[in-house]
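**Student:** Residues per chain, in single letters:
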Amino acid sequence: MIHCFKFDDKNIVLDVYSGSIHMVDDVAFDIISMYEDTPRDEIKTLILEKYGDRDDVNEDEIEECFGDIEELKEQGKLFAPDKYEKIAIDLTKKNYTLKALCLHVAHTCNLNCSYCFAAQGNFHGERGLMSFETGKRAIDFLIENSGYHKNLDIDFFGGEPLMNWEVVKQLVKYGRSIEKEAGKNIRFTLTTNGIGITDDVIDFCNEEMHNVVLSLDGRKETNDRFRVDLKGNGSYDTIVPKFQKFVSRRGNKSYYMRGTFTHFNTDFVEDILHMADLGFKELSMEPVVASPDSPSALTQEDLPVILAGYERLAREMMKRNKEGNGFTFYHYMLDLDCGPCIYKRISGCGAGTEYLAVTPWGDLYPCHQFVGDDKFKMGNIYDGIKNTDLRNEFAQVNCYSREGCKECWAKLFCSGGCAANSYHAQGSISGIYEYGCELFRRRIECALAVKLDNLE
Amino acid sequence: MTRIVTVNTRDLSKSVKEGGCGECQTSCQSACKTSCGVANQACEKVEKK
Chain V
1 MIHCFKFDDK
11 NIVLDVYSGS
21 IHMVDDVAFD
31 IISMYEDTPR
41 DEIKTLILEK
51 YGDRDDVNED
61 EIEECFGDIE
71 ELKEQGKLFA
81 PDKYEKIAID
91 LTKKNYTLKA
101 LCLHVAHTCN
111 LNCSYCFAAQ
121 GNFHGERGLM
131 SFETGKRAID
141 FLIENSGYHK
151 NLDIDFFGGE
161 PLMNWEVVKQ
171 LVKYGRSIEK
181 EAGKNIRFTL
191 TTNGIGITDD
201 VIDFCNEEMH
211 NVVLSLDGRK
221 ETNDRFRVDL
231 KGNGSYDTIV
241 PKFQKFVSRR
251 GNKSYYMRGT
261 FTHFNTDFVE
271 DILHMADLGF
281 KELSMEPVVA
291 SPDSPSALTQ
301 EDLPVILAGY
311 ERLAREMMKR
321 NKEGNGFTFY
331 HYMLDLDCGP
341 CIYKRISGCG
351 AGTEYLAVTP
361 WGDLYPCHQF
371 VGDDKFKMGN
381 IYDGIKNTDL
391 RNEFAQVNCY
401 SREGCKECWA
411 KLFCSGGCAA
421 NSYHAQGSIS
431 GIYEYGCELF
441 RRRIECALAV
451 KLDNLE
Chain C
457 MTRIVTVNTR
467 DLSKSVKEGG
477 CGECQTSCQS
487 ACKTSCGVAN
497 QACEKVEKK
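Those protein sequences? They're chains V and C, same order as listed. The working numbering puts the first sequence at residues 1 to 456. The working numbering puts the second sequence at residues 457 to 505.
If we strip away everything but chain V, and leave its shape as in the complex, we get (with noise of 0.2 Å):
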C-alpha cells in the first residue's frame, strides 16, 4: 500500500509497509499514483498528453521513471507487501507484562476546568489523596509484574498531583532507592497545571523528572475560557510566569507545554504560536476529549476548519525553522531512521496490558481516560488484577483487528488509536474514532513535510 499527497510544492509518496518516504517529481508522482491499477501504455499516453510540452518528458524518460519504480520495488522500498498480519496475531496472545503506571496521586485539583474529562479531578467519584504506603504498594507491584523490562515509566497525575506533592517526591526517592537492586530504570514524569509551582518543585522536578507536562491552553483569552480556579478566576497570570521560570531552569531535560483546543478554538495555531512567542519551545495541543452535546465538543463543521489549522501550523513551523527559531509540535515529530519497530507500531499504547492507572485508593483501570467507570475496573494493587478478560480484551485490539483500520495508509502510525477514543465514539474499545482519524492523517501528512522540509 502507497499514500501519494502533495503538501505545497512537496510531492510525497509513503511506502506503508517498508515505511519508506519518497520526495518526487509531478511525473513520477502521477506514475506511482498510476502504477497498480493502470495499464503501462495508458499510463505512459496519459504522461505525454499532460507533461508532453516540457522537455524533460519523452518516451524515454517515462521509461526511465518505471525503471526506478521498478527498482524501488525490488529493494522493498515501494509497494512492499503487508506481511506483518501474523506478528498482529501472535501479538494478541503475547503474556504482556506491566511496564508503566499512571499513578493518580490527586484526585481532586485546585483549578475548576470545565472541560476536564477527569470531571475537575475526580473521576466522578470521591475526592481524595494517594497515601505514601499506597503508592509505595503501587511501585512494589509494578516491579513485581514488571518481567523483562528494564524501563519503566511513572507518570504523576490527577487531579492535580502537586496538590499531593510531599508524597510525589517520597514516592521518586523510594522508587530510586530500590529500582537498582531490582534491575529496573524508572522515568519518573509528571503533569501539571501550575498553580502549585514552587522553586522546590523546579528544582526537584529539573533532578529527577525524565519529562514534565506543563498545561496551559495558549493565549490568555482561550486559557481562561476554561482554565479557571474555584471561583472563576482565569490562571494565566498565574501560571504562565511560573511555568517560564520551570523551563528556562530545565536545561535540556524534555517538556511539554499542552494545550487543550475546543470548539470555542478552531484557531488553536494562534494559541500554539502564542506559546512558542512565550518562549516554550516544546509543544502540545489536543483536540478536546468531550461528549458530543458538551458545547465544548468538536463539531463536523470545524473539521476542515481544524485540518487548514494543522497545514498552516506545518507551514509557520518551516518558516520559524528556517529564521533559526524553530519548536517541536508533538504530533509533528517523527523519528524516521531510529523511530518505532514494527511490533510497537501494531501494538501501540500498552493500554490494560503493559500501561495501568492506579486510584488514590490503589484499584487498577486500563488508563487514566477509564478511571471513573466500574465496568473497566481491573483489580487492586494489592490482589493483583482480576478481570483477566478485560484484560485480554485489550490484548486483542490493534491495527490489525480493527476493522476500520485495514486499508488505512496510517495504520502503522497510530497503531488503530485510542482505545478510549473508540469507546467514547463507538461504544467499543474495538472500533475508531473517525473524527480523530482525520485528524490524525492531516497531522501526519503535516508532519511528513514538516520533517522533509527540513531535511531539504
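Derived from the structure by calculation, the hints contain no laboratory data. No experiment lies behind these values; they were computed from the predicted model shown. Positions of the beta carbon are idealized from the N, C-alpha and C atoms, including for glycine. The reader is advised that the hints may include incorrect statements.
Claimed, not checked - Simulated pairs of lysine-lysine, BS3-like, Cα-Cα distance not exceeding 30 Å:
{"no.": "1", "chain 1": "V", "residue 1": "K93", "chain 2": "C", "residue 2": "K501"}
{"no.": "2", "chain 1": "V", "residue 1": "K6", "chain 2": "C", "residue 2": "K470"}
{"no.": "3", "chain 1": "C", "residue 1": "K470", "chain 2": "V", "residue 2": "K83"}
{"no.": "4", "chain 1": "V", "residue 1": "K184", "chain 2": "C", "residue 2": "K501"}
{"no.": "5", "chain 1": "C", "residue 1": "K501", "chain 2": "V", "residue 2": "K83"}
{"no.": "6", "chain 1": "V", "residue 1": "K451", "chain 2": "V", "residue 2": "K83"}
{"no.": "7", "chain 1": "V", "residue 1": "K86", "chain 2": "C", "residue 2": "K473"}
{"no.": "8", "chain 1": "V", "residue 1": "K93", "chain 2": "V", "residue 2": "K184"}
{"no.": "9", "chain 1": "V", "residue 1": "K451", "chain 2": "C", "residue 2": "K501"}
{"no.": "10", "chain 1": "V", "residue 1": "K406", "chain 2": "C", "residue 2": "K470"}
{"no.": "11", "chain 1": "C", "residue 1": "K473", "chain 2": "V", "residue 2": "K94"}
Claimed, not checked - Listed next, the stretches of chain C that the computed footprint assigns to chain V, with coverage defined by at least 3 CB atoms under 8 Å from CB atoms of chain V:
{"no.": "12", "segment": "457 to 465"}
{"no.": "13", "segment": "469 to 475"}
{"no.": "14", "segment": "489 to 500"}
Said to hold, decoys possible - Have a look at the derived ranges for each label pair, beta carbon to beta carbon:
{"no.": "15", "chain 1": "C", "residue 1": "N464", "chain 2": "V", "residue 2": "K6", "range": "16 to 26 Å"}
{"no.": "16", "chain 1": "V", "residue 1": "K406", "chain 2": "C", "residue 2": "K501", "range": "24 to 34 Å"}
{"no.": "17", "chain 1": "C", "residue 1": "E500", "chain 2": "V", "residue 2": "E49", "range": "49 to 59 Å"}
{"no.": "18", "chain 1": "V", "residue 1": "K83", "chain 2": "C", "residue 2": "K501", "range": "18 to 28 Å"}
{"no.": "19", "chain 1": "V", "residue 1": "K245", "chain 2": "C", "residue 2": "K501", "range": "35 to 45 Å"}
{"no.": "20", "chain 1": "V", "residue 1": "R250", "chain 2": "C", "residue 2": "E500", "range": "18 to 28 Å"}
{"no.": "21", "chain 1": "V", "residue 1": "R176", "chain 2": "C", "residue 2": "M457", "range": "47 to 57 Å"}
Given chain V, work out where chain C should sit, using these hints.
**Tutor:** Just chain C now, with coordinates in the frame of chain V:
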C-alpha cells in the same frame, strides 16, 4: 534516479528481526494523554547515526 529521492528511513520489514524489545516508552504516557501515536517515539535499541 532523477525523479525520485528516497529519504533514509528505518526499514520496517527488517525491524521484524531486530525489534520487539519492549523497552520504549508507553505511547501517550506523559505527552498528549488523549490520543495514540507511536511514530514520534525513539527506539531504545537503534542507535542514532
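**Student:** Taking the hints in turn, state whether each one holds.
**Tutor:** Against the structure, the hints:
A hinted pair counts as satisfied when its Cα atoms are at most 30 Å apart, and K93 of chain V with K501 of chain C qualifies at roughly 24 Å. Taken as a hint, the K6 of chain V and K470 of chain C pair is honoured in the structure, with Cα atoms around 28 Å apart against an allowance of 30 Å. A threshold of 30 Å between alpha carbons decides the hint, and for K470 of chain C with K83 of chain V the separation of about 11 Å falls inside it, so the pair holds. Of the pairs offered as hints, the one joining K184 of chain V and K501 of chain C holds, with about 16 Å between alpha carbons and a cut-off of 30 Å not exceeded.
Distance hint between K501 of chain C and K83 of chain V is fulfilled; the C-alpha atoms sit about 22 Å from each other, no more than 30 Å. For the proposed pair K451 of chain V and K83 of chain V, the alpha carbon gap of about 27 Å is at most 30 Å, so the pair holds. Straight-line distance between C-alpha atoms of K86 of chain V and K473 of chain C comes to about 14 Å, which keeps the hinted pair within the 30 Å bound. With a CA separation close to 25 Å, the supplied pair K93 of chain V and K184 of chain V stays within the 30 Å bound.
Of the supplied pair hints, the one linking K451 of chain V and K501 of chain C holds, its CA atoms being roughly 22 Å apart against a limit of 30 Å. Pair hint K406 of chain V plus K470 of chain C holds up; C-alpha atoms about 22 Å apart against a cutoff of 30 Å. Between K473 of chain C and K94 of chain V the CA atoms are separated by roughly 17 Å; this keeps the pair inside 30 Å, and the hint holds. Here's how the segment 457 to 465 of chain C fares: 9 of its residues keep a CB closer than 8 Å to some CB of chain V, so the rule of at least three is met and the hint holds.
Beta-carbon proximity to chain V at under 8 Å applies to 5 residues in the segment 469 to 475 of chain C; the threshold of 3 is reached and the given coverage holds. As drawn, the segment 489 to 500 of chain C meets chain V at 12 residues by the rule of a beta-carbon pair under 8 Å; at three or more, the given contact holds. N464 of chain C and K6 of chain V have their C-beta atoms about 22 Å apart, which keeps the hinted 16 to 26 Å range intact. For K406 of chain V paired with K501 of chain C, a C-beta distance near 29 Å keeps the hint of 24 to 34 Å intact.
Hint check: E500 of chain C to E49 of chain V, Cβ distance near 51 Å, so the stated range 49 to 59 Å holds. One distance hint, 18 to 28 Å for the beta-carbon pair K83 of chain V and K501 of chain C, holds here, with the actual separation near 20 Å. Evaluation of the 35 to 45 Å hint for K245 of chain V and K501 of chain C yields a pass: the beta carbon distance comes to about 37 Å. Checked against the given bound of 18 to 28 Å, the beta carbons of R250 of chain V and E500 of chain C, roughly 22 Å apart, stay inside it.
In this structure the hint that R176 of chain V and M457 of chain C lie 47 to 57 Å apart at CB holds, the actual value being about 53 Å.
Hint compliance for this structure: no hint is broken.
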